[in-house]
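Engineer: From just these sequences and the hints, can you work out the full model?
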Amino acid sequence: MLPIAALVASSGEDGWRGFWDAVSDPGAVAALKLTLLASLAVSLLNAVLGTITAWVLVRDDFRGKAAMNAIIDLPFALPTIVAGLTLLALYGPKSPVGIDVAYSRTSVVLALLFVTLPFVVRTVQPVLQELDREMEEAAKSLGASELKTFRRVILPNILPGILSGIALAFAKAVGEFGSLVIITGNLPYKTEVSSVYIFGRIESGDGTGAAATAVVLLAISFALLLSIGVIRHVATRHEHA
Amino acid sequence: MRRWPLRVVAIGYLLAILVGPLAIVFWRTFEDGVDPAWSALTQPDTVHAFELTLIITAIAVPVNTVFGVVCALAIVRRSFPGKGLLNAFIDLPLALSPVVVGLALFLLYGREGWFGSWLDRHDIQFLFALPSMVVATIFVSIPFVAREVVPTLREIGDDQEQAARTLGASGWQTFWRITLPSIRWAVIYGVILTTARCLGEYGAVAVVSGRLQGETETATLRVQERYESFDLAGAYAISILLAVVAIAVLLTMTVIRPREEHA
Numbered sequence: 001m002l003p004i005a006a007l008v009a010s011s012g013e014d015g016w017r018g019f020w021d022a023v024s025d026p027g028a029v030a031a032l033k034l035t036l037l038a039s040l041a042v043s044l045l046n047a048v049l050g051t052i053t054a055w056v057l058v059r060d061d062f063r064g065k066a067a068m069n070a071i072i073d074l075p076f077a078l079p080t081i082v083a084g085l086t087l088l089a090l091y092g093p094k095s096p097v098g099i100d101v102a103y104s105r106t107s108v109v110l111a112l113l114f115v116t117l118p119f120v121v122r123t124v125q126p127v128l129q130e131l132d133r134e135m136e137e138a139a140k141s142l143g144a145s146e147l148k149t150f151r152r153v154i155l156p157n158i159l160p161g162i163l164s165g166i167a168l169a170f171a172k173a174v175g176e177f178g179s180l181v182i183i184t185g186n187l188p189y190k191t192e193v194s195s196v197y198i199f200g201r202i203e204s205g206d207g208t209g210a211a212a213t214a215v216v217l218l219a220i221s222f223a224l225l226l227s228i229g230v231i232r233h234v235a236t237r238h239e240h241a
Numbered sequence: 242m243r244r245w246p247l248r249v250v251a252i253g254y255l256l257a258i259l260v261g262p263l264a265i266v267f268w269r270t271f272e273d274g275v276d277p278a279w280s281a282l283t284q285p286d287t288v289h290a291f292e293l294t295l296i297i298t299a300i301a302v303p304v305n306t307v308f309g310v311v312c313a314l315a316i317v318r319r320s321f322p323g324k325g326l327l328n329a330f331i332d333l334p335l336a337l338s339p340v341v342v343g344l345a346l347f348l349l350y351g352r353e354g355w356f357g358s359w360l361d362r363h364d365i366q367f368l369f370a371l372p373s374m375v376v377a378t379i380f381v382s383i384p385f386v387a388r389e390v391v392p393t394l395r396e397i398g399d400d401q402e403q404a405a406r407t408l409g410a411s412g413w414q415t416f417w418r419i420t421l422p423s424i425r426w427a428v429i430y431g432v433i434l435t436t437a438r439c440l441g442e443y444g445a446v447a448v449v450s451g452r453l454q455g456e457t458e459t460a461t462l463r464v465q466e467r468y469e470s471f472d473l474a475g476a477y478a479i480s481i482l483l484a485v486v487a488i489a490v491l492l493t494m495t496v497i498r499p500r501e502e503h504a
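Chains F and L, in that order, give the protein sequences.
In this text, residue positions in the first sequence follow our numbering: the first is 1, and each later residue adds one.
In this text, residue positions in the second sequence follow our numbering: the first is 242, and each later residue adds one.
Warning: the hint list may mix true and false statements.
What the hints assert, rightly or not - Capping the alpha-carbon separation at 25 angstroms, the derived lysine to aspartate or glutamate pairs in DMTMM-like fashion look like this:
no.	chain 1	residue 1	chain 2	residue 2
1	F	Lys94	L	Asp400
2	F	Lys94	L	Glu469
3	F	Lys94	L	Glu353
4	F	Lys94	L	Asp276
5	F	Lys148	F	Asp61
6	F	Lys190	L	Glu469
By construction, these hints were calculated from the structure, which means they are not laboratory data.
Structural biologist: Here's what the structure looks like:
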């Protein structure tokens, strides 16, 4: 906890004015904008693709499903710097499939997709497993279409799972560093996210500037943790009702 | 519902994002046989980087295991002021950028930091040396053991512990004979996750280590250094070794998870 206190104290060293100047530096603002937009995009992509993946893992059955289930956690186990390097090998200048997104904003989204992939899958999967199939069958026998059954019966049940998965993915994406370093090229105003910006400030000896932007990220992390707590609380209350 | 379209989407997504990139790196590394990869891995600085990573992990994992179990016990079995705060702080490293963690340590222990002058006076090299790298690694891997143990502790309840105590067991005996055996799979699972996180830590260590080649360079820092020195083969070889460890971690998790759930 002390390190966090030192961080907050240091960000205020030059007073409120100094803090504000550091936070509103055009480079810092551009980096923060990119961080938030890319994280948002990645969270939403995760919501859709993660839910589909969880669905396939729970309801579908095919050879290799167990392996697929194990692979989902790979981003938790693989060092982020390795993740960045492997993505560059497939989607970089020497891409064997002819897709080169290196040093572009797409590469930011791609790297963030990799590191956040497990979250929504792992929050939705257990809920789907517990879900009572009878409700769906009842809905279907009463003439509801597949889509309507999903929207009216399944979605409300798995929504808290999706939301807490999104919040976790967003939190991870906002702070991500290792996987972005290699593939994005860290171009200021283009592919430089906040954590890379902070790293750059530290390297050039501007501790206060780094601390100011870091405090903004810290506040975002706290807010997300709180909202995850609230989502969990609401979800369990719903269960007990 | 027809299943195959969703199946194709899910598998395609995993192939494109996870399996494909890793497969390409495997292929590129061993394109010309095992020898180039081997000679890249046996460079003295690379060997040193792996040794350093192992030393840091060997310190950080036991510390976090003890701390995680103690915290989990405190959160589930005791009530004290500030418990909610402890609960929130345990999760914080999961949501916090590793660079921010590194920066916080940097500011606390740096020359102008709160402890900086004290360290200076006692001639202790903290930043750009092993101690700061260990502390950074411990910080980012704090949550894993506690997060695995807390739900298990809640689930098993404290009936058996109370029974042991009424039969005259001391707190210590109760812990070793009753509590620990029933949470062991959760602890092991947490230890594996902690180990993976320690081996792979990059951002926080990058800030506090100063990245001195052959001195404070860990395996993950070495990957980047090799890449920036245009030694792709070297970067790939180290990455593959780290990836193999990650895959071993995954396999172990798959074996342990059912046991943990049935414990």
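Engineer: Taking the hints in turn, state whether each one holds.
Structural biologist: For each hint, the structure was consulted:
1. Under the criterion of a C-alpha separation no larger than 25 angstroms, the hint pairing lysine 94/F with aspartate 400/L is inconsistent with the structure, at around 61 angstroms.
2. Pair hint lysine 94/F plus glutamate 469/L holds up; C-alpha atoms about 16 angstroms apart against a cutoff of 25 angstroms.
3. A distance of roughly 45 angstroms separates the Cα atoms of lysine 94/F and glutamate 353/L; the hinted pair therefore is violated under the 25 angstroms criterion.
4. For the given pair, lysine 94/F sits about 22 angstroms from aspartate 276/L by alpha-carbon distance, which is consistent with the 25 angstroms threshold.
5. With a C-alpha separation of about 23 angstroms, the suggested pairing of lysine 148/F with aspartate 61/F holds against the 25 angstroms cut-off.
6. Annotation: proposed proximity of lysine 190/F to glutamate 469/L holds, straight-line Cα distance about 20 angstroms (limit 25 angstroms).
Comparing the model with each numbered hint stated earlier shows that hints 1, 3 do not hold.
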